[in-house]
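Protein chains: 2
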Amino acid sequence: MLRAGVDLGGTKIQVVISDPLNRVLGAFRRPTPRTGGPPAVTEAIAAAIRQAAADGRVDLADVTGIGVGAPGHIDAQAGTVANAGNLPDWMITYPLSRELSARLRLPVALGNDVQVAVNAEVRLGAGRPYHSMIGVFCGTGVGGGVVIDDELWLGRGAAGELGHICVQTEGGAPCPCGRRGCMEAYAGRAAMEIQARRWRALGKPTQLFDIMAARQRERLTSGVWYRAMKRKDPMAKKLLKRAVWALGSAIGSTVNALDVEAVIIGGGLGLRLGQPFVDSIRDAMIPHLVAPQNPPAVLLAELGDLGGAIGAALLVTERRSDP
Amino acid sequence: MLRAGVDLGGTKIQVVISDPLNRVLGAFRRPTPRTGGPPAVTEAIAAAIRQAAADGRVDLADVTGIGVGAPGHIDAQAGTVANAGNLPDWMITYPLSRELSARLRLPVALGNDVQVAVNAEVRLGAGRPYHSMIGVFCGTGVGGGVVIDDELWLGRGAAGELGHICVQTEGGAPCPCGRRGCMEAYAGRAAMEIQARRWRALGKPTQLFDIMAARQRERLTSGVWYRAMKRKDPMAKKLLKRAVWALGSAIGSTVNALDVEAVIIGGGLGLRLGQPFVDSIRDAMIPHLVAPQNPPAVLLAELGDLGGAIGAALLVTERRSDP
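Going line by line, the protein sequences match chains G and P.
First residue of the first sequence: 1, per my numbering; consecutive thereafter.
First residue of the second sequence: 1, per my numbering; consecutive thereafter.
No lab work stands behind these hints: they were computed from the structure.
Using N, Cα and C, we set each Cβ at its ideal position, and we do this for glycine too.
Examples of chain P residues lying across from chain G (beta carbon under 10 Å, computed): (1) Ser132; (2) Gly144; (3) Gly163; (4) Arg179; (5) Val260; (6) Pro287.
So these bits of chain G aren't anywhere near chain P, every CB distance computed over 12 Å: (7) Arg50; (8) Leu106; (9) Arg272.
Please work from the sequences and hints to get the whole structure.
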């Protein structure tokens, strides 16, 4: 009863092989292919699963299924991924379940990347003591998940878009989604980088791009932000202050609506900035609460970088019990 | 199996007597006493229940219980109402259940005024076709309710505060709650009146206060706003445009988080302004949606002014089935 879990992202593919107690027996990580479109990505996933099995000295014949957490629009029933703007040439509807299943002769279950990561925290991570919570995952964008009575609430399929809570309706910053004033317009790495490049072009001082170059990155990764903060870079400080301001407002509003027991902060940026970031979000949230004397617990995600893949592996068992 | 339902508000007490099919057999409405504090209000409720029974030619001996929807902090278990700023001299914790029960020798169940009104719409009104929805009730303030899988979601007891979703985090309007930028700061009648008085003091033209005086009101009631809108009063138009702007943003954000099937607009102001108000809120909401091609239904509450009392009567049966 081993399972493979795949966290499919725009920059990397992370695979784990987990046992029935959700212990990670093997893991493998590789960059997402930038060319070749969905077939190349599918082939890379299959190869990464074989590598993860080898890493854990596991026979693939002992793996009963594969779970994949993917970005874009997921149709779990149909087994398709569509409109995944972060993946190369993936605006089409691609039958990932069928294609991956054909390569490894194993059943494949699909889920939304952020939702499976939140579910992993609920079942196995920081969310274990709680029955209601929200997950806020800060990465390139800001994804989320809402947990009600121990279950992810999906609504009509699209719930959890906490990054697109509008925190500044008039005169808000532009969001990668095309709207203005969304929390993600302040707290998503993509939006933060656009603002940083704009300010740099205006001659404002920052080490952000020197750190990026020194680390041979093309983007302001979470690691770049972390290092800039350690060096007390003024632009990084200012942009992260804006991010925390927006996160505090959006999370406070959501808590006013749902009065959940806990808020879990994760995602690449959240994990990299860690507990001080979580504490500052909590401090920014409290003034927005109708009941500030009874705030929810605000916690850092526990499962780290493997959380998405571990959560994807859970899809194998949880989907099986579906009607 | 008849029940009495009481909608206890800052300006009026509305009582209904309802039968097991939730038909209203009798009703009575009276102003909330402004003096005498909680005991006077309790006495007035008891008298209003007797009057409603008389109105329906119902023997009080056939009534099995009383449900009360009240503002402020409700402890349903303890049967107390506290911090009800809209009620006269009611900042204390008052044992309303026990005191009302002693007067009529009937069991009393308490609930939050907005939550019971939303529940009535869910069970008996506009919400019947849906399993997930939010209710947004615009009155003196803006109350709300969240319905997940056919049940009101109460969180840790304080969920549904949709009026305190922050729509303008920087430079937002002052809200009666003491914070800034809450949706209620734009869409609650109390906040709208404060703004109207400020603008009038600055000499901006409006008929709002003439209409108020002609109708012998001391406040800008929902009826005053309705009449001013019919006369195309510029200040009323401007303030209601702001209200719709804030409602569209806060409701859009909540739909992005929860992806509910429906949004129900009620409350004194919502009911008075009716379908055109609902339509304009829908139009203001759609640009905020992550999935604008699949918006929720936005509907006017169906049960009208009696909804709160009808919902309060439901407390009698629903609480009985609690563990």
